[in-house]
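**Q** Chains as they are written, first to last, in the numbering used here: chain A, 1084 to 1163; chain B, 111 to 390.
I should point out that these hints are in silico values taken from the structure, not numbers from a laboratory.
The reader is advised that the hints may include incorrect statements.
[What the hints assert, rightly or not] When the alpha-carbon atoms are kept at most 25 Å apart in a straight line, the in silico SDA-like pairs for lysine to any residue are as follows: (1) Lys189(B) to Gly1152(A); (2) Lys189(B) to Pro174(B); (3) Lys236(B) to Ala146(B); (4) Lys187(B) to Ser1119(A); (5) Lys189(B) to Asp1154(A); (6) Lys177(B) to Asn191(B); (7) Lys196(B) to Ser1149(A); (8) Lys187(B) to Gly1158(A); (9) Lys184(B) to Glu200(B); (10) Lys187(B) to Tyr1098(A); (11) Lys196(B) to Arg1144(A); (12) Lys187(B) to Arg1144(A); (13) Lys187(B) to Asp1124(A).
[Said to hold, decoys possible] So, partial list: chain B residues that the calculated Cβ filter (under 10 Å) puts toward chain A: (14) Glu192; (15) Lys196; (16) Lys199; (17) Ser208; (18) Leu210.
[Stated by the list, open to error] Derived DEER-like restraints, expressed as beta-carbon distance ranges: (19) Val244(B) to Leu1088(A): 45 to 51 Å; (20) Val244(B) to Leu1096(A): 36 to 42 Å; (21) Arg182(B) to Leu1143(A): 29 to 35 Å; (22) Val244(B) to Gly1158(A): 55 to 61 Å; (23) Leu1143(A) to Arg334(B): 30 to 36 Å; (24) Leu1088(A) to Thr135(B): 47 to 53 Å; (25) Gln1120(A) to Gln180(B): 18 to 24 Å.
On a predicted model such as this, the values are computed, not experimentally measured, just so you know.
Heads up, the beta-carbon is just placed ideally off N, CA and C, and yes, glycines get one too.
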Amino acid sequence: MIARLPVYVGLGLVYAYRYTLGALAPASCKYHPSCSQYALDALRTHGLLRGSILAGWRILRCNPWSHGGVDYVDGQRLFR
Amino acid sequence: MMTPLFLLEPIEGPLTSLLEWFHNTGGLSWAWSIVALTILVRVVLLPLTVRQIHSMQSMQVHMPEMKALQQRYKDDKQKRNEELMKFYKENRINPAASCLPILFQIPVFISLFFVLRDFDDEVFPKYQEMGETVADLHWLNLVPDITAPANSHWSGYMLLALYAISQTLSTLLMSQTMDKTQRTLLLILPIAFLFVVLNFPSGLVLYWVTTNLWTVGQGLITRRLMPKKTTEPVKRSSRTPAKEEAPVAKPEPAADAVAKASQPSGPPRRVKRKKKRAKR
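Using the sequences plus the hints, can you model the full thing?
**A** Below, the structure is given as structure tokens:
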């Protein structure tokens, strides 16, 4: 439980984003699942450090020059 | 120095300097300096926006197929989203929304929040020594003090109303491809947020109104840019131009071209539907 604490902090931050600033921005993500959902999944399955890296990489990919698409945490190839 | 979030200091510094520059060199009042700063931020983001507009265009072209997809999987939201995303990928559509530009604005917004919150402690005393008073913090003589919370004066409520209206408008314009529940939520949220924004400095609400109005303007230009009649083969036109023209193209000249090429009147919504029928 205590070992999972950092992860909960990360999850809390994502939820905080979702219900505050994320909700203010009138746009959604081009990926499925959305970046915030991806971040939640990544944090849950890979922990704070790796999860954050995965989420950060996903957000960087979620830019106007990419094409979006279906992209689950399970499909990641950064950490194998 | 200014905030507990030391990470934002590299953003706060330049923002403060720019704000002061607009005030000192530009000769603008503090309130108008905020507006100018906001516009500057949005102009810097414009290259990203142009990309988004192009991708929205190709989205519009493929709308009938996407609607059909949505119809086919209307009971299974998960499956529908997946199929939709596959479709984007196959047709090399870049859905207008992407997280990075949004996230890009968040640190700026938070920094601006701190800059404006600490304005009367960190920036203004300097100017008070030079002879400025609280009277110099007004906006259009309506808002007496842009550093005071929005709910401390009736004009703040006017700003809040402007905020709610501009937020709703920008949502309406930007969320055409979203599903209904999501859209409804986004339309209700600004009202809920009003209660949070109440305590924000008026200057911050001013920023939010400006940025929303900019979004609305962008949305209106985008609507004019939407392909009204597709004479070119659909797939070819959607793919290459969006990738190659984007860095060069500016919204204004393109808007002129479209306006010249097509009939000037008629709301885009109706045209969209017409196009769909013609295709089937």
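**Q** Confirm or reject each hint.
**A** Going through the hints against the structure:
Taken as a hint, the lysine 189(B) and glycine 1152(A) pair is honoured in the structure, with Cα atoms around 13 Å apart against an allowance of 25 Å. Taken as a hint, the lysine 189(B) and proline 174(B) pair is honoured in the structure, with Cα atoms around 18 Å apart against an allowance of 25 Å. With a C-alpha separation of about 21 Å, the suggested pair lysine 236(B) and alanine 146(B) falls inside the 25 Å cut-off, and the hint holds. Between lysine 187(B) and serine 1119(A) the CA atoms are separated by roughly 18 Å; this keeps the pair inside 25 Å, and the hint holds.
With a C-alpha separation of about 13 Å, the suggested pair lysine 189(B) and aspartate 1154(A) falls inside the 25 Å cut-off, and the hint holds. Restraint check: the Cα-Cα separation between lysine 177(B) and asparagine 191(B) comes to about 12 Å, which is no more than 25 Å; the hinted pair holds. Only pairs whose Cα atoms come within 25 Å are accepted, and lysine 196(B) paired with serine 1149(A) is accepted, the gap being roughly 14 Å. Proximity of lysine 187(B) to glycine 1158(A) is assessed by CA-CA distance (about 21 Å); at most 25 Å being required, the pair is judged to hold.
Simply put, lysine 184(B) and glutamate 200(B) have alpha-carbon atoms about 20 Å apart, close enough for the 25 Å limit, and the pair holds. Using a Cα cut-off of 25 Å, the hinted pair lysine 187(B) and tyrosine 1098(A) holds, with the two alpha carbons roughly 22 Å apart. Simply put, lysine 196(B) and arginine 1144(A) have alpha-carbon atoms about 16 Å apart, close enough for the 25 Å limit, and the pair holds. A C-alpha spacing of about 24 Å is found between lysine 187(B) and arginine 1144(A), which places the hinted pair at or below 25 Å, so the restraint holds.
Distance restraint check for lysine 187(B) and aspartate 1124(A): the Cα-Cα separation of roughly 19 Å lies within the 25 Å cut-off, and the hinted pair is therefore satisfied. At its closest, the beta carbon of glutamate 192(B) sits 5 Å from a beta carbon of chain A; the interface hint therefore holds under the 10 Å criterion. This hint holds: lysine 196(B) has a C-beta 6 Å from the nearest C-beta of chain A, less than the 10 Å allowed. At about 4 Å, the closest approach between the beta carbon of lysine 199(B) and any beta carbon in chain A falls short of 10 Å, and the interface hint on this residue holds.
The interface hint given for serine 208(B) is met, as the beta carbon of that residue sits about 5 Å from the closest beta carbon of chain A, less than 10 Å. Here the hint on leucine 210(B) is kept, as its CB sits about 4 Å from the closest CB of chain A, short of 10 Å. Between valine 244(B) and leucine 1088(A) the Cβ separation comes to about 46 Å, which falls inside the hinted range of 45 to 51 Å. Look at valine 244(B) against leucine 1096(A): about 37 Å separates their beta carbons, and that is inside 36 to 42 Å.
The hinted window of 29 to 35 Å between arginine 182(B) and leucine 1143(A) holds, with their beta carbons roughly 33 Å apart. Taking the beta carbon of each, valine 244(B) and glycine 1158(A) are about 57 Å apart, inside 55 to 61 Å as hinted. The beta-carbon spacing between leucine 1143(A) and arginine 334(B), approximately 32 Å, falls within the hinted interval of 30 to 36 Å. In this structure the supplied range 47 to 53 Å holds for leucine 1088(A) paired with threonine 135(B), their Cβ-Cβ distance being about 50 Å.
In this structure, glutamine 1120(A) and glutamine 180(B) meet the distance hint of 18 to 24 Å, their C-beta atoms being roughly 20 Å apart.
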